[in-house]
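**Q** These protein sequence lines are chains U, H, S and B, in that order.
Going letter by letter, the first sequence gives residues 1 to 356 in full-length UniProt numbering.
Going letter by letter, the second sequence gives residues 1 to 356 in full-length UniProt numbering.
Going letter by letter, the third sequence gives residues 1 to 356 in full-length UniProt numbering.
Going letter by letter, the fourth sequence gives residues 1 to 356 in full-length UniProt numbering.
Heads up, a few of these hints could be off.
Same chains, same names: a pair is fine if it fits in one copy or spans any two.
Simulated pairs of lysine-lysine, DSS-like, Cα-Cα distance not exceeding 27 Å [as the list claims (entries may be wrong)]: (1) Lys118 to Lys311; (2) Lys47 to Lys311; (3) Lys161 to Lys4; (4) Lys213 to Lys47; (5) Lys339 to Lys311; (6) Lys119 to Lys339; (7) Lys161 to Lys119; (8) Lys311 to Lys173; (9) Lys173 to Lys119; (10) Lys4 to Lys47; (11) Lys325 to Lys338.
In case anyone wonders, no lab produced these hints; they're calculated from the structure.
Number of protein chains: 4
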Amino acid sequence: MVRKLQIAVSGLGRMGARHALHFLERTPRAELVGAFDPNPAARAWGKQHLEPYGVTIYDSYEAMLAHPGLEAVVVAGSTTEHAPQTIRAIEADKHVLCEKPLSTSVEISRSVLDAANKKPHLKVLCGFSRRFDASYRAAFDQIDSGALGRPTIIRSQTCDKHRDDDYFINYSKHSGGIFVDANVHDIDLTLWFFGQDSIVKSVSAVGVVARTKGLEQYGDVDNGVGVVEFWGGKIAYYFGSRMMAAGQHDETEVIGTHGKLSINGTPAQNLVEIHEPAGVRREIGQTYYDRFEQAFVKESNEFTEAVLDDKKLPFQLSGAVQAVKIGCALQEALRSGKKIEFDQMGDRIMDEKARL
Amino acid sequence: MVRKLQIAVSGLGRMGARHALHFLERTPRAELVGAFDPNPAARAWGKQHLEPYGVTIYDSYEAMLAHPGLEAVVVAGSTTEHAPQTIRAIEADKHVLCEKPLSTSVEISRSVLDAANKKPHLKVLCGFSRRFDASYRAAFDQIDSGALGRPTIIRSQTCDKHRDDDYFINYSKHSGGIFVDANVHDIDLTLWFFGQDSIVKSVSAVGVVARTKGLEQYGDVDNGVGVVEFWGGKIAYYFGSRMMAAGQHDETEVIGTHGKLSINGTPAQNLVEIHEPAGVRREIGQTYYDRFEQAFVKESNEFTEAVLDDKKLPFQLSGAVQAVKIGCALQEALRSGKKIEFDQMGDRIMDEKARL
Amino acid sequence: MVRKLQIAVSGLGRMGARHALHFLERTPRAELVGAFDPNPAARAWGKQHLEPYGVTIYDSYEAMLAHPGLEAVVVAGSTTEHAPQTIRAIEADKHVLCEKPLSTSVEISRSVLDAANKKPHLKVLCGFSRRFDASYRAAFDQIDSGALGRPTIIRSQTCDKHRDDDYFINYSKHSGGIFVDANVHDIDLTLWFFGQDSIVKSVSAVGVVARTKGLEQYGDVDNGVGVVEFWGGKIAYYFGSRMMAAGQHDETEVIGTHGKLSINGTPAQNLVEIHEPAGVRREIGQTYYDRFEQAFVKESNEFTEAVLDDKKLPFQLSGAVQAVKIGCALQEALRSGKKIEFDQMGDRIMDEKARL
Amino acid sequence: MVRKLQIAVSGLGRMGARHALHFLERTPRAELVGAFDPNPAARAWGKQHLEPYGVTIYDSYEAMLAHPGLEAVVVAGSTTEHAPQTIRAIEADKHVLCEKPLSTSVEISRSVLDAANKKPHLKVLCGFSRRFDASYRAAFDQIDSGALGRPTIIRSQTCDKHRDDDYFINYSKHSGGIFVDANVHDIDLTLWFFGQDSIVKSVSAVGVVARTKGLEQYGDVDNGVGVVEFWGGKIAYYFGSRMMAAGQHDETEVIGTHGKLSINGTPAQNLVEIHEPAGVRREIGQTYYDRFEQAFVKESNEFTEAVLDDKKLPFQLSGAVQAVKIGCALQEALRSGKKIEFDQMGDRIMDEKARL
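If we strip away everything but chain U, and leave its shape as in the complex, we get (with noise of 0.2 Å):
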């Protein structure tokens, strides 16, 4: 028989149960062996539908460490639990599977790379999951084939559907707030698409808060328009929402000096047109799960294949801490509605009264 990764899921929350699920059922070479929350209702959840199949369901995070066996971890609990239980899984010799974003904070987000850095053997991966995305995939071939001359601008936006409820507001307090969490995928695109070495040279941003009363208390906003220099001539602009009407819709765009191409530019749920009084109406997706559900059994299944195989991971783990910078500067300039300077390595200028 062949061998299969032994992995356990920390997090049985609304993403950490679709992990454990894509493991269980999506992930042909991996063995759910183990699941963990704090949460005895996510626990309850976790019985009921991992426990039949042979999962050990943990109320304590180092139990399931112990787990006999256990090769690989998938850290998907709280966003504050990221970076400590990241940590405590790499001291444990295990390979790291962790939600992003690292940390809200940079630092933080540092201590993981230290410790990862420690253990090359161990593969450690930030899971953004738009990098296992076919559409994002293909258009990464076309700008490394050349075809678009140099890039040079992106637009990226990130863009939830407006919910009636108080979620996003509660979401907000721990969030790190809509550029360290929403839009820090749209920065790792970027590192992505203009090469995970490119340096930031300034950011600045604006946002208002339209619709969703009360994320202002958390420094934070439902509408936020983000801009980032990189040394060499490149720019990133983004625009992160919670108030689409229609649906989820993330879009990125790539303009080199000899082409450009977008991605998910006229947003659809599926391929059905309705012709009806009112015109021609399509739907869209709801959420990020209805736009990115392959990407994420992608992600499963590719780092299994890493760990089984010792192959490279699609990406560094550095990139992670630098998203978390950039995301972080978007933030802090605006709450701040000052712009933010970076010399050519990288750090910050300090603005005279800030140096006194």
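Once you've looked at the hints, dock chains H, S and B against the given chain U.
**A** Positioned in the frame of chain U, the structure of chains H, S and B alone reads:
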């Protein structure tokens, strides 16, 4: 001062009034000098909208033909008058732009051609407006360049928006039926794209009255599907409908041995898309004039130019006879439920029973 | 531990191998236990890709059927084996998922239905993959909701990418021809959208061999147009092609009295559009599997669920017989050039000559 | 006979020649009586194309203004002449349609407004062609109907096709830069959709010279991103480019609290899509005139109608000054790298250093 084509319009109904305005306002090298309509209400419209610009309004076609200096006539009245008025204008030595179809009878259509052939110095054009549409012309250029290989299959549809009144029923009395009236455009496009000399091999059709009850009394339908084989391995198939919910949708597809093209596969009235809770919606044009307005204006201008500069018309009158022949055969096949076959000369093959 | 459906796959050709992998890797509630193929090369593939996961590879269909604990069989070998193997599996009291078509013969198809009817406790499913496609299901829901009014016209096409080799010619020997092999999907969709009990009134078809010379020896074409009337004022018309330049393009349109919908009107392989000097370009899927992969996986899972939970299959086997009947009639009409007519019971009306 | 507006055109360059032809040929209620250009080559064009139709060609603007019976003037020469010629025409008591921008200087723009305010009986229109475009008007109607809720975010871009020659470099000398010349349209649209009385709060911009080396000498870029905050919680962000590979791509998106709309999200030159081995391709317009030709013609006609019938112009001249003000601020922010801030009266807030 430059010379302008002295032209008059016969028929000030829906389409005739538009022709009059196109020549009055949007055909710089033409001068509209006269207009005729037997209907007092239509003449009243002419007196209000045309006369102030120096256009003489006539209550007799013959009188209009006698307008001093008149060089050309647009024949745009009722279908039954197309052929006699065109022939009369030719006899009076006028150039003619005649609305489609020449007639609902093949024989009468042919008599127009005969009349025109006797006066080769006159320009006689049948107003197949789609021939002047920028998209159809771009399509023809592609086909003509050989990019698609040998054109083999054409799918083409003329689909009107549903009307709650009895317009289509009254219209059906004299229109010759859906294939003669509406799909004659698709047939004409077929002759353009397959070649004017294509010879029909067989014709068959089916149809239903689904919503516009009353059409059946005139042997007509509100949804018809027709199939035409041409000698040399070419097939065209058509759909005609009076039942569209969203608006007018005329669409054509040409499939060659090495490529394909579509015209108007995703209809839209303008460039706006609206994202709302029910999805993403766009409006589409409501009438054929919404779709082909610019083509009609181009038609006026090119007809004028052909006469003034003695240039070749963009297509020959003989095709219009051929189009009526195929349209009438489709309508007959619809009524009889029988396939109609033609020999390689294009002459109809009578079945045994018919021969007896 | 949970119970998993014990299933085996007969036929490890192109599609059979996919079925095997779908049940092995992407159908959590099923366990692939056996696989059979008469061809040593196919078995070698199975030994490499399936055996390591505990799947027994058989060189005898009967031996596979005798696999201990086997509950269900996928019949995915050559078309001529579909019916005998399905019947044999039913006799051995196994549930069956049989690839389409049941047979290229109406009579043989009916014998499969008869066998299944004798064992109503067995689930016997004909693998019309489009029935499991998310877009077609969304379309059905719209139709079923009454949003389009009464469905009246269906246009549906199955168009393969051109191949330079002789694949289609060899395939044509046993496939039953383009209408039986390819458009049978469109016929099945018609029965779904018009209602499973729709009764065919007439069938006619035309076609040409435009590029894949050699098809004519098997009475087949590379481009075919078929028209089917149903009693009660409904019409379906189909296009089948083996000559697409850009890739696979399967498209369907349903026109009701009060609205219309299209499925896959603007095909695309992914969400990328490339702006380059020649214009804006997108790629489209190359094969039916590019288009329907997720539908096949859904099919495996729903079949498994229906067996394990004794749920109704999403559609009845009788429709598969009806689809073959219409497909064969279209192919016959293509060859004879004659329209075939049926009475209101769906029984064929013989013309006078044939009756003698 | 009806009265026709006696109008003359100053400037017969690329756009001026088009204005002249629009008034000569496509504005039925206007009569083009004169044209002026200081350049002999341009006058030669006028003598060939306009003079034969009775248009007097002038080599002096003053002489043209003195044309007997002249009522209105189109000012379409070089940008530096827009303001002085417009003011001179107003003084001579002529109605004026002036090409955008009024000036590249805010102060000079304001002086035009002052001149116009002194003669309220004159119609003075700044030629923001997009205001006359059918799609933008349909968008405005949607917004105005409240369908989107409160407009909150506008994204708008003006993107020209790359040119291999030094056109853009020479043009940049006097154009005022990309934000003043190109994105001024997007700014004007913003004022339309957010409301003419919107007050700017801050302006920032970044840009690069990626392909058209030489622009930097004029403080210009070939790719610029600008962000404008308005008091009251509204944000507009712009992209301007001279580097598109496929053609002109002007696109706008308006996001409201309850819905969104896009204009020209999927650009196309016509309705043709070509399926070829590399995929599905469509062409897009090459120039802004390909996109806005009908809008320019509409502009001529509505200006004419406003004068003849003493109707309100579709928008006020003051907006054109506001647009120049924002465009110039964006260009300054681009050059300085500094954010520019305004108080709630729209007056610029000087930073401490600048105040000293």
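**Q** So, for every hint listed, does it hold in this structure?
**A** Hints, one by one, checked against the model:
1. Lys118 to Lys311: within (18 Å within a copy, 54 Å between copies)
2. Lys47 to Lys311: between (33 Å within a copy, 25 Å between copies)
3. Lys161 to Lys4: Neither: 38 Å inside a copy, 38 Å across copies.
4. Lys213 to Lys47: neither (38 Å within a copy, 61 Å between copies)
5. Lys339 to Lys311: neither (41 Å within a copy, 47 Å between copies)
6. Lys119 to Lys339: Classified as neither: same-chain Cα gap 37 Å, cross-chain 45 Å, threshold 27 Å.
7. Lys161 to Lys119: neither (40 Å within a copy, 49 Å between copies)
8. Lys311 to Lys173: Close neither inside one copy (38 Å) nor across copies (45 Å); limit 27 Å.
9. Lys173 to Lys119: neither (33 Å within a copy, 58 Å between copies)
10. Lys4 to Lys47: both (22 Å within a copy, 18 Å between copies)
11. Lys325 to Lys338: Answer is both: 16 Å inside a copy and 22 Å across each meet the 27 Å cutoff.
In the structure shown, a violation is registered for the earlier hints numbered 3, 4, 5, 6, 7, 8 and 9, in ascending order.
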